[in-house]
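Protein chains: 2
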Amino acid sequence: MSDSHDARARQNAARLSGTVRVVGAGLLGASIGHALRAKGVDVVLADASPSQLRLAIDYGAGRAAREDDAPRLIVVAVPPDVTADVIEAELAAHPDAVVTDVASVKLEPFDELRRRGIDLTRYIGSHPLAGRERGGAISARADLFIGRPWVVCRDEQTRPADLALVEALALDVGALLLEMTPQEHDRAVALTSHVPQVVASLLAGRLAEADEGSLRLAGQGVRDTTRIAASAPELWVQILGANAAPVVELLDALAGARREVAPALRAPAAPGARRAVADAIRQGNEGVERLPGKHGQNRRFETMVVMVDDTPGQLGRLFGELGELGVNVEDLRLEHSPGAQFGLAEISVAPASLRGAIEGLEERGWRIAGNTND
Amino acid sequence: MSDSHDARARQNAARLSGTVRVVGAGLLGASIGHALRAKGVDVVLADASPSQLRLAIDYGAGRAAREDDAPRLIVVAVPPDVTADVIEAELAAHPDAVVTDVASVKLEPFDELRRRGIDLTRYIGSHPLAGRERGGAISARADLFIGRPWVVCRDEQTRPADLALVEALALDVGALLLEMTPQEHDRAVALTSHVPQVVASLLAGRLAEADEGSLRLAGQGVRDTTRIAASAPELWVQILGANAAPVVELLDALAGARREVAPALRAPAAPGARRAVADAIRQGNEGVERLPGKHGQNRRFETMVVMVDDTPGQLGRLFGELGELGVNVEDLRLEHSPGAQFGLAEISVAPASLRGAIEGLEERGWRIAGNTND
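Protein sequences, first through last, are from chains B and A.
The opening position of the first sequence corresponds to residue 1 in the UniProt record's numbering, with each subsequent residue numbered one higher.
The opening position of the second sequence corresponds to residue 1 in the UniProt record's numbering, with each subsequent residue numbered one higher.
Heads up, a few of these hints could be off.
As the list claims (entries may be wrong) - Calculated from the model, a selection of chain B residues having no Cβ within reach of chain A, i.e. all distances over 12 Å: (1) Thr19; (2) Pro50; (3) Ala64; (4) Glu88; (5) His94; (6) Asp96; (7) Arg114; (8) Arg159; (9) Leu163; (10) Glu179; (11) Ala244; (12) Ala269; (13) Ile281.
Said to hold, decoys possible - To be clear about the criterion: a stretch of chain B counts as covered by chain A if any three or more of its residues have a C-beta under 8 Å from a C-beta of chain A, and this derived list gives those stretches: (14) 20 to 33; (15) 246 to 255; (16) 259 to 267; (17) 354 to 365.
These aren't lab readings, by the way, just hints derived from the structure by calculation.
The C-beta atom is built at its ideal place from N, Cα and C for all residues, glycine as well.
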């Protein structure tokens, strides 16, 4: 494990040089600090909160600012509400630096700054699609961005040398570069993140109103559908507020789709009703099929379900034996039966591995509760 | 593993005796057959499709019917569309038998039979909450119902001895008995299953219309929210049609919640707008919190994120070492970074185990990418 990571680290010498200034020492800012420092880049940290700043520095995410700092690249990693203000201040305070930000909405800060008449030649918005359930400098990790998409929003004014700096930042922290316009980006995150959040929250809101008995019938489906509804209200108020137009447009499209199917749901015996419902479900099938799978490909795996006792070491034995069988686990989902002392492990493997995995496990005494290739 | 299962099997001697007739040899019917036969119960299978019936018998789910069969219990496990017809036919053909069904909607078949003037004293509806992504007799498993809720809908006419038969069926296949009225049941599954299905399908429908580039920003959130949108249209047309009233009522409640929050999303700077959005997200938080956790309790676990190379045996080593550390894995989610050759394993453990698990894994060279108790 560590060998291959070391080898990868040696291949990836830092593309950035000089000093990078990171404004905002929360989860994203401090994680960028850790990742760049691991590459030997000089990182200066700033934060409106002295205690947050102190914490991030204590944890090794960077150093405090000095009078003579001359950063070439500034990364603004502050809450959405204050992103535009901080970008403006940093552009003014560092007239030779390129400024980027990591906010999850890209058009609003850009438009706001343009409305203020700011020269945005040296500003290049970006958005790393990374995060964790907990925020703050103490949750920061050098590997937060590894393998994650990092969107960079250039425009016609962007100078190639400036763009290269922002791209070097994304590559240095291990992210996968994607180029989009701010409009493309904001519509994409409305679709893949913001609207799913609203939908999950509203659906989970109905669970809040339900009687206790109903909830005992909840299975994995509703759990998955509402998982992200556990997200923090404070952050989402800002995100949704900053990306209101694309979010509302998509919610309207959803409401339209609902209105198309509602009469059919209301009167299932009416002519054409079954077809309308089937069409809606089938279109959902198509949408799910389009989501990129593992390694960015639409690879399909076979799944087998193994019964696992709920005691320490059982999963270890299972995965150890899969390793002995030469079977690579591509994906895994554990499902627990309410009241039962064991779980079901749904294990995805390459189609070519399925038969051997099942036979090998059964020989070793495991109970296979099913597979997708029966 | 096998020791404890054997012990459990010995404790659970069959409660049913005599012959059980199962009508419909698909996934549920054939699984009931397998589970009952494993307890030594005589199972007669019937199916409108001779090839499906032959297959289920070949796989050992039961035997063919004979002239002199005198079943005490009949289980109707046919598609929702024909459930009422088959219940009626079985009640008529077997005047001494108790008839139950396993359809996922309970009020509609009951009302339909009452409209036809059928005496329903010997009919007791039930619904095992179990299923698999693939259907058919070949996907059937004796352990499909173990630890799953099995709802039984008695009414004031139900005779105790008849109820005992249906309860014995549920207990013999290893399910957890729940008693509800048909109305309670149908509202509960509308909330926990049918409406999440509609919402996931409609949301995933927007993905079907999206451009390819947008979908590259899709993360685990939208994947979870839309996972069940991959379900089969044919089945869901029947289920939604049979439970139209509670589904439409909940969809209306959802639309109402959306209309409350929509103006706030549309005009995020308006007075009260932020609070309206925050309230909707917070109510979603509350709903998710109410979903029962593992073992039917609302236990909370701590989660740590471990980096795992994408090669055979790595997960085995990880779980083996967790077993050595005495740490029981309560839940697990594997996340793959697009383009990266490793994954992140989110592992849930009892709060008391977290610190020791992290320290032990780090001593053994694992990279911990975060935990919920920082």
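For each hint, the structure was consulted:
| no. | hint | result |
| --- | --- | --- |
| 1 | Thr19 | holds, 27 Å |
| 2 | Pro50 | holds, 20 Å |
| 3 | Ala64 | holds, 22 Å |
| 4 | Glu88 | holds, 19 Å |
| 5 | His94 | holds, 30 Å |
| 6 | Asp96 | holds, 32 Å |
| 7 | Arg114 | holds, 18 Å |
| 8 | Arg159 | holds, 24 Å |
| 9 | Leu163 | holds, 19 Å |
| 10 | Glu179 | violated, 10 Å |
| 11 | Ala244 | violated, 5 Å |
| 12 | Ala269 | violated, 8 Å |
| 13 | Ile281 | violated, 4 Å |
| 14 | 20 to 33 | violated (count 0) |
| 15 | 246 to 255 | holds (count 7) |
| 16 | 259 to 267 | holds (count 5) |
| 17 | 354 to 365 | violated (count 1) |
Violated hints, in rising order: 10, 11, 12, 13, 14 and 17; the structure is consistent with all others.
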